[in-house]
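S.K.: When we follow this note's numbering, the leftmost residue of the sequence shown carries the number 55, and every step to the right adds one.
Worth double-checking, as some hints may not be accurate.
Unchecked claim - Derived DEER-like restraints, expressed as beta-carbon distance ranges:
#	residue 1	residue 2	range
1	ASP473	ASN430	42 to 48 Å
2	SER328	PRO426	14 to 20 Å
3	THR293	PRO426	42 to 48 Å
4	GLY150	GLN244	49 to 55 Å
5	GLY152	ASP192	31 to 37 Å
6	LYS239	PRO295	25 to 31 Å
7	SER248	PRO295	17 to 23 Å
8	LYS97	ALA479	41 to 47 Å
9	THR202	THR145	23 to 29 Å
10	ASP473	ALA149	38 to 44 Å
11	PRO124	ASP480	54 to 60 Å
12	ASP321	LYS97	35 to 41 Å
13	ASN324	PRO426	37 to 43 Å
If you're looking for bench data, these hints aren't it; they were derived computationally from the structure.
It should be emphasised that the depicted structure is a prediction, and the values quoted were computed from it without experimental measurement.
Beta carbons: idealized from backbone N, C-alpha and C, even for Gly.
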Amino acid sequence: MRKTRSRSIALVAVLSASALLTSACSSGGSSGSATTAGSSGAKVTLNVNLFGTFGYKEAGLFDEYQTLHPNITINYTSVEQEGDYWPAFLTHLNAGSGVGDVQGIEVGRIAQATSELGDKFVDLKTTSAKDSIAKFVDWKEKAATTSTGAVIGLGTDIGPMAICYRTDLLQQAGLPTDPTQLAAKMSTWQDYLSLGAQYKAKAPANSAWTDSTGGLYNAILSQSKEQYYDASGKLIYDTNPAIKNAWDLSVKAAQGGLTAKLAQFSDQWNQAFSTGSFATLACPSWMIGYIKGQAGTTGSGKWNVAALPGGEGGNWGGSYLAIPKASKHQAEAADLITWLTAAAQQQKVFQKVGNFPSNTDAIAAVATVTDPYFTNAPIGKIFGDAAKSAPVQTLGLHDGDVKTQITNGLTQVEAQGVDPAKAWADVQAAVKSQVG
Numbered sequence: 055m056r057k058t059r060s061r062s063i064a065l066v067a068v069l070s071a072s073a074l075l076t077s078a079c080s081s082g083g084s085s086g087s088a089t090t091a092g093s094s095g096a097k098v099t100l101n102v103n104l105f106g107t108f109g110y111k112e113a114g115l116f117d118e119y120q121t122l123h124p125n126i127t128i129n130y131t132s133v134e135q136e137g138d139y140w141p142a143f144l145t146h147l148n149a150g151s152g153v154g155d156v157q158g159i160e161v162g163r164i165a166q167a168t169s170e171l172g173d174k175f176v177d178l179k180t181t182s183a184k185d186s187i188a189k190f191v192d193w194k195e196k197a198a199t200t201s202t203g204a205v206i207g208l209g210t211d212i213g214p215m216a217i218c219y220r221t222d223l224l225q226q227a228g229l230p231t232d233p234t235q236l237a238a239k240m241s242t243w244q245d246y247l248s249l250g251a252q253y254k255a256k257a258p259a260n261s262a263w264t265d266s267t268g269g270l271y272n273a274i275l276s277q278s279k280e281q282y283y284d285a286s287g288k289l290i291y292d293t294n295p296a297i298k299n300a301w302d303l304s305v306k307a308a309q310g311g312l313t314a315k316l317a318q319f320s321d322q323w324n325q326a327f328s329t330g331s332f333a334t335l336a337c338p339s340w341m342i343g344y345i346k347g348q349a350g351t352t353g354s355g356k357w358n359v360a361a362l363p364g365g366e367g368g369n370w371g372g373s374y375l376a377i378p379k380a381s382k383h384q385a386e387a388a389d390l391i392t393w394l395t396a397a398a399q400q401q402k403v404f405q406k407v408g409n410f411p412s413n414t415d416a417i418a419a420v421a422t423v424t425d426p427y428f429t430n431a432p433i434g435k436i437f438g439d440a441a442k443s444a445p446v447q448t449l450g451l452h453d454g455d456v457k458t459q460i461t462n463g464l465t466q467v468e469a470q471g472v473d474p475a476k477a478w479a480d481v482q483a484a485v486k487s488q489v490g
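Using the sequences plus the hints, can you model the full thing?
M.R.: See the structure below:
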């Protein structure tokens with residue numbers, strides 16, 4: 055989920071899929087496998103605190119686990135906005151109380167978690183999860199490893215990128231609706247903006263080319279190796295050409311009237327999925343489930359998926375499941391997260407909500423998955439190819455904070471008409487105040 059490393063910086067290799075095993079061999083590898091949870095028979099309630107849509111509830115996995123383990127009760131809560139979730143979680147974590155037995159960590163926060171907060175999480179190598187750590191793409195484990203070698207999280211999903219689009223709206227504007235033909239028309243990001251200008255000229259009333267500058271910015275930047283920090287841990291956002299390119303193209307889209315001027319994950323943005331307010335949007339794999347949830351059944355068959363412009367894949371998002379040391383049920387929590395992140399369960403989540411697996415066996419298993427809602431788009435192949443071609447990404451201590459300030463700056467340009475130079479100066483001031 056958008057939910058998006060062992061040191062203050064981690065080099066992230068996205069991604070090499072291994073061959074699928076015909077059956078899961080480890081404990082928790084198949085949906086019916088028994089684990090050691092609650093083997094004593096004692097009644098245990100596990101508090102699972104997440105954000106966004108991890109897909110476990112939607113795929114029925116909590117219910118399934120409780121059926122397999124009648125003495126376990128899962129108390130699940132989720133905060134819609136990760137930006138609200140993380141500060142509140144940090145407050146409880148630092149206080150040593152009020153945390154769940156299982157907590158989600160977004161990829162943009164994992165460097166902070168490992169470098170500054172590692173001693174507050176259980177080392178999963180000391181639990182029943184130890185044999186599962188190597189079952190994920192390499193960078194997932196490395197990213198969740200502290201400088202002392204402790205592994206504090208198991209990988210949930212990753213966020214390979216594509217473009218999701220409304221076929222009916224493109225057809226009304228006289229643009230290609232076939233994903234291969236559409237991708238050929240927007241092989242670069244400049245092509246994407248040019249196609250957007252064509253759409254604007256013939257678009258249905260009150261329909262923009264794309265939803266937001268924030269989404270566009272994230273998609274463009276997702277294809278870059280270095281983003282906010284370099285490999286030494288130095289903050290480089292204000293001198294990085296990749297940031298400038300993503301900013302400039304997003305500003306161009308805003309000033310060209312190509313965006314719907316929506317803040318992603320706002321109520322207005324959610325409503326726009328069913329009103330045709332935009333024709334395309336940057337689409338990490340987890341957006342598949344989000345679109346279905348917001349557009350509803352009336353959107354089925356109106357959407358499709360095309361390859362991302364720019365000539366290579368990108369990654370936006372992905373998360374981890376971690377166990378705070380304050381948990382009173384660490385062993386049971388470890389059994390649960392081992393089961394939830396096993397190949398069989400990651401396959402179910404992908405097929406239900408689109409969160410792309412980080413478990414290598416699951417990646418191979420979903421390669422042929424298609425989605426009727428998205429006009430039978432081969433989403434397993436599209437997102438799998440994007441994941442394989444995405445570059446190595448360097449993650450930094452405050453990636454999430456810097457990204458938030460930059461997208462806030464773009465919103466000033468887009469929605470308020472603020473001069474881009476003034477908005478960028480505001481970004482720099484905000485980053486300096488928040489990050490240093």
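S.K.: Each hint: holds or not?
M.R.: Now the hints, each set against the structure:
no. : hint                         : verdict
1   : ASP473 to ASN430: 42 to 48 Å : holds (45 Å)
2   : SER328 to PRO426: 14 to 20 Å : holds (18 Å)
3   : THR293 to PRO426: 42 to 48 Å : holds (46 Å)
4   : GLY150 to GLN244: 49 to 55 Å : holds (51 Å)
5   : GLY152 to ASP192: 31 to 37 Å : holds (34 Å)
6   : LYS239 to PRO295: 25 to 31 Å : holds (26 Å)
7   : SER248 to PRO295: 17 to 23 Å : holds (22 Å)
8   : LYS97 to ALA479: 41 to 47 Å  : violated (57 Å)
9   : THR202 to THR145: 23 to 29 Å : holds (25 Å)
10  : ASP473 to ALA149: 38 to 44 Å : holds (42 Å)
11  : PRO124 to ASP480: 54 to 60 Å : holds (55 Å)
12  : ASP321 to LYS97: 35 to 41 Å  : holds (39 Å)
13  : ASN324 to PRO426: 37 to 43 Å : violated (23 Å)
In summary, the numbered hints that this structure violates are 8 and 13.
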